[in-house]
Amino acid sequence: MPVITLTINDELVSARTGQSILEATRDHGIQIPTLCHLDGLSTRGGCRLCLVEVAGSSRLLPACTTEATEGMVVTTHNDKIDRYRKMILELTFAERNHTCAVCVSNEHCELQTLAAELGMDHVRYDYLNPELDMDTSHERFGVDHNRCLLCLRCVRVCDEVEGAHTWDVKGRGINSRVITDLNCPWGQSESCTECGKCVEVCPTGALFDKGVAVGEMKKEARFLRRILDGREKNQWRR
Amino acid sequence: MAKTITIEPVTRIEGHAKISIQLDDAGKVADARFHVTEFRGFEKFCVGRSFWEMPGITARVCGICPVSHLLASSKAGDAILGVRTPAPAVALRRLMNHGQLVQSHALSFFLLSGPDLVLGMDADPAKRNMAGLIAEHPELARAGIRLRAFGQQVIRMLGDRSIHPSWAVPGGVRKSLSAEQKSELLKQLPEMYTTVDMALDLMKDALDKFADEIDAYGDFPSLYLGLVNEEGGLEHYDGKLRVIDSEGKILEDGAAPEDYQELIAEAEQPWSYLKFPYYKPLGPEKGMYRVGPLARLNVCDFAGTPKADRELRQFRHYGGQGKPVSGSFYYHYARLIEILFSLEKIEEILADEILIDHHIRSQAGVNQNVGIGVSEAPRGTLFHHYKVDDNGILEDVNLIIATGQNNSAMNRTVKQIAERFISGNKLDQGLLNRVEHGIRAFDPCLSCSTHEAGRMPMQVQLFSAAGELIDEVQRG
Chain A
1 MPVITLTIND
11 ELVSARTGQS
21 ILEATRDHGI
31 QIPTLCHLDG
41 LSTRGGCRLC
51 LVEVAGSSRL
61 LPACTTEATE
71 GMVVTTHNDK
81 IDRYRKMILE
91 LTFAERNHTC
101 AVCVSNEHCE
111 LQTLAAELGM
121 DHVRYDYLNP
131 ELDMDTSHER
141 FGVDHNRCLL
151 CLRCVRVCDE
161 VEGAHTWDVK
171 GRGINSRVIT
181 DLNCPWGQSE
191 SCTECGKCVE
201 VCPTGALFDK
211 GVAVGEMKKE
221 ARFLRRILDG
231 REKNQWRR
Chain B
1001 MAKTITIEPV
1011 TRIEGHAKIS
1021 IQLDDAGKVA
1031 DARFHVTEFR
1041 GFEKFCVGRS
1051 FWEMPGITAR
1061 VCGICPVSHL
1071 LASSKAGDAI
1081 LGVRTPAPAV
1091 ALRRLMNHGQ
1101 LVQSHALSFF
1111 LLSGPDLVLG
1121 MDADPAKRNM
1131 AGLIAEHPEL
1141 ARAGIRLRAF
1151 GQQVIRMLGD
1161 RSIHPSWAVP
1171 GGVRKSLSAE
1181 QKSELLKQLP
1191 EMYTTVDMAL
1201 DLMKDALDKF
1211 ADEIDAYGDF
1221 PSLYLGLVNE
1231 EGGLEHYDGK
1241 LRVIDSEGKI
1251 LEDGAAPEDY
1261 QELIAEAEQP
1271 WSYLKFPYYK
1281 PLGPEKGMYR
1291 VGPLARLNVC
1301 DFAGTPKADR
1311 ELRQFRHYGG
1321 QGKPVSGSFY
1331 YHYARLIEIL
1341 FSLEKIEEIL
1351 ADEILIDHHI
1361 RSQAGVNQNV
1371 GIGVSEAPRG
1381 TLFHHYKVDD
1391 NGILEDVNLI
1401 IATGQNNSAM
1411 NRTVKQIAER
1421 FISGNKLDQG
1431 LLNRVEHGIR
1441 AFDPCLSCST
1451 HEAGRMPMQV
1461 QLFSAAGELI
1471 DEVQRG
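Keeping their order, the protein sequence lines are chains A and B.
Here the first sequence is numbered in the working numbering, starting from 1 and rising by one per residue.
Here the second sequence is numbered in the working numbering, starting from 1001 and rising by one per residue.
Note that these hints are calculated values from the structure, not bench results.
A hint or two may mislead.
[To be verified] Simulated pairs of lysine-lysine, DSSO-like, Cα-Cα distance not exceeding 27 angstroms:
no., chain 1, residue 1, chain 2, residue 2
1, B, K1204, B, K1275
2, A, K218, B, K1175
3, B, K1280, B, K1249
4, B, K1249, A, K219
5, B, K1028, B, K1286
6, A, K210, B, K1387
7, B, K1323, B, K1204
8, B, K1175, A, K210
9, B, K1204, B, K1044
10, A, K219, A, K170
11, B, K1240, B, K1286
12, B, K1387, B, K1280
13, A, K210, A, K170
14, B, K1028, A, K210
15, B, K1286, B, K1275
[To be verified] Sample of chain B residues at the chain A side, in silico, Cβ under 10 angstroms:
no., residue
16, R1049
17, Y1318
18, G1322
[As the list claims (entries may be wrong)] Cβ pair distances, simulated, as ranges:
no., chain 1, residue 1, chain 2, residue 2, range
19, B, A1364, A, R226, 48 to 56 angstroms
20, A, E131, B, A1087, 53 to 61 angstroms
21, A, E117, B, P1138, 37 to 45 angstroms
22, A, E131, B, A1364, 23 to 31 angstroms
23, A, R226, B, E1230, 27 to 35 angstroms
24, B, D1389, A, E160, 32 to 40 angstroms
25, A, D121, B, L1282, 29 to 37 angstroms
26, A, E131, B, D1160, 28 to 36 angstroms
27, A, E220, B, K1187, 37 to 45 angstroms
28, A, D133, B, E1262, 44 to 52 angstroms
29, B, G1063, A, S57, 45 to 53 angstroms
30, B, I1163, A, K218, 54 to 62 angstroms
31, B, F1045, A, V73, 44 to 52 angstroms
Source: prediction; values computed, not measured.
By construction, the Cβ of each residue, glycine as well, lies at the ideal position given by its N, Cα and C atoms.
Modelling step: build the complete structure from the supplied sequences, incorporating the hints.
Here it is in structure tokens:
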């Protein structure tokens, strides 16, 4: 397997050809924050939290969709990057109604955890307070668009792993919404297999098990790696 | 010359309010109003949410009595599920409710009203506060704080946090108590009983000390409403509604809480965000009723625990032969009796073997489209009324809060105090404080009653009929 050498945060590191900057950095124990990325799903580059500085590029590049190349010089953390990441989080919070205190995923939410880790202690932008609804028509699950950040993990896992493609997206830009089938209530979806993978990979409380109370929704996205290892490598383990 | 006195904001109560007193040309009190100046709108923004979330959301109505909302909301959720809540869960909910009664009443008695009762209504305003109480009577203040902390600990052990726990859910509760936690609570009880005994002595001293003016603090005939259990005993979690009149005659008994709309109607006034509920059959004027500790002790036949019953018998003397106790000043006394009752109940529940049962949560979907949950909050009867669609999404929310139900009585109290103590054009701190204390006796929670939050400094202004400011006192 061809190996390349690049510089990450002033250190020479090696990586495999074809790896993304994100994969290369994680292999060397360097953590870059991500939200839309999930190991086992296709990369999307949607949340922009993994932005890094690459020498020679005038703009920041998403580590998840940028391939690591020979001689590349990458900086994963500095004041500018930290400022941008915090700004992205603030904009995410301002765009919909993420009221952590009464959320089913309170204290078990990737968005909330990242905000704490990155020191986002307030939001400088006006909240948009959009009027968004909940769909609890499904017998087992619910979706609350107030807490969706359009990472599209649900869309990808449903399509790429379960093969049902129940989830998709309607609208454009700020008006985008995740939908089931052709925008019917989830409970009326004919394609949904009720597997629950979308709920488990959702980073916030947007998708949840029906009947859970505040802070009760704990998710386990690692199941995905188990399934894929079994499928791809015939390695079955708990 | 006609004048208006405005007291804004009112201090040492929970929420934002002002008081205005109108004087006629002769300088006599013409009218007095208690204005609640905050607005929140939980009833509106909860529409569209799922009823499963409501205990967690409505617990946020108030930081003092989140448990009351949690329980009323969970009970409304139980009704929507239409299943029986497991008996251990009911026992645990009662336990948490008693923890809350202890902590809320201790806060009211020791920290909010204590400075008035111990230091006196005319004490220097700079010292007539919690810090002043700690400086003058450190043992008393410490004991009061520890009593409140005990109540908070009961809540925290069950709900993981003492403020805004999201522990009760439609169908039951999320967690039980361990044996270690039970013994930890039990071993603190003797100290708590001692503190209540000390407070009761202090209360009886205060009744003597303020004997000349007690009848000015909202002593008038009114109806009383509260829950009683099947035997007619004191009840805080379940039971039936009972309404009695000023003579002690029972007007309603055994009324199912879910039929509350047949008993209670709500009037509104343009000058306050707080509604004016009244007993429907008698109309807004004659239907004025009081809720809370005083009302609960008036409507029940007995408390049901030895220490509280002994104290209740003494309490009844202040009402006269067979009559309810009508002075709002006795709310303080009633609060202490309820703390005693709650401590005894906590002891009783902790010893109950039913807590060992691990079945604490029933599972079901939406089986009813309407759910009404009622419980006794520290300040009085609390109603949560939800209407949901078949998927459990809320279409209508109505919350009737204890402080709201005392609204008419609080207005009447303010007027009565003003009539007694205001004469001429001059205002002083003693007057200001007496008017406030009349409100404090009800321990109103305006955060709850308008479903809002805040704090209260205070200002009193005296205006001439022409609108000219004649005198002003301010604090906070």
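The hints, checked one at a time:
1. B/K1204 - B/K1275: 34 angstroms, violated
2. A/K218 - B/K1175: 16 angstroms, holds
3. B/K1280 - B/K1249: Within the cut-off at roughly 17 angstroms; holds.
4. B/K1249 - A/K219: Between B/K1249 and A/K219 the Cα gap is close to 57 angstroms, so the pair fails against 27 angstroms, i.e. violated.
5. B/K1028 - B/K1286: Roughly 25 angstroms separates the two Cα atoms, so the pair holds.
6. A/K210 - B/K1387: 18 angstroms, holds
7. B/K1323 - B/K1204: The given pair, whose Cα atoms are some 20 angstroms apart, holds under the 27 angstroms limit.
8. B/K1175 - A/K210: Status holds; Cα separation ~19 angstroms.
9. B/K1204 - B/K1044: The given pair, whose Cα atoms are some 44 angstroms apart, is violated under the 27 angstroms limit.
10. A/K219 - A/K170: Answer holds: A/K219 to A/K170 is near 26 angstroms, not above 27 angstroms.
11. B/K1240 - B/K1286: 23 angstroms, holds
12. B/K1387 - B/K1280: The given pair, whose Cα atoms are some 22 angstroms apart, holds under the 27 angstroms limit.
13. A/K210 - A/K170: 24 angstroms, holds
14. B/K1028 - A/K210: 61 angstroms, violated
15. B/K1286 - B/K1275: Answer holds: B/K1286 to B/K1275 is near 16 angstroms, not above 27 angstroms.
16. R1049: Status holds, d = 7 angstroms.
17. Y1318: 43 angstroms, violated
18. G1322: Hint on B/G1322: violated, closest Cβ of chain A at ~46 angstroms, above 10 angstroms.
19. B/A1364 - A/R226: 48 to 56 angstroms: Given about 32 angstroms between the Cβ atoms, the range is violated.
20. A/E131 - B/A1087: 53 to 61 angstroms: 42 angstroms, violated
21. A/E117 - B/P1138: 37 to 45 angstroms: 43 angstroms, holds
22. A/E131 - B/A1364: 23 to 31 angstroms: With a Cβ separation near 30 angstroms, A/E131 and B/A1364 satisfy 23 to 31 angstroms, so the hint holds.
23. A/R226 - B/E1230: 27 to 35 angstroms: 54 angstroms, violated
24. B/D1389 - A/E160: 32 to 40 angstroms: 34 angstroms, holds
25. A/D121 - B/L1282: 29 to 37 angstroms: Violated: the Cβ-Cβ distance is about 54 angstroms, outside 29 to 37 angstroms.
26. A/E131 - B/D1160: 28 to 36 angstroms: Given a distance of about 32 angstroms, which is inside 28 to 36 angstroms, the answer is holds.
27. A/E220 - B/K1187: 37 to 45 angstroms: 40 angstroms Cβ-Cβ, so the 37 to 45 angstroms window holds.
28. A/D133 - B/E1262: 44 to 52 angstroms: 34 angstroms, violated
29. B/G1063 - A/S57: 45 to 53 angstroms: Since the Cβ atoms of B/G1063 and A/S57 sit about 50 angstroms apart, the hinted range of 45 to 53 angstroms holds.
30. B/I1163 - A/K218: 54 to 62 angstroms: 22 angstroms, violated
31. B/F1045 - A/V73: 44 to 52 angstroms: Holds - the Cβ-Cβ distance for B/F1045 and A/V73, about 50 angstroms, lies within 44 to 52 angstroms.
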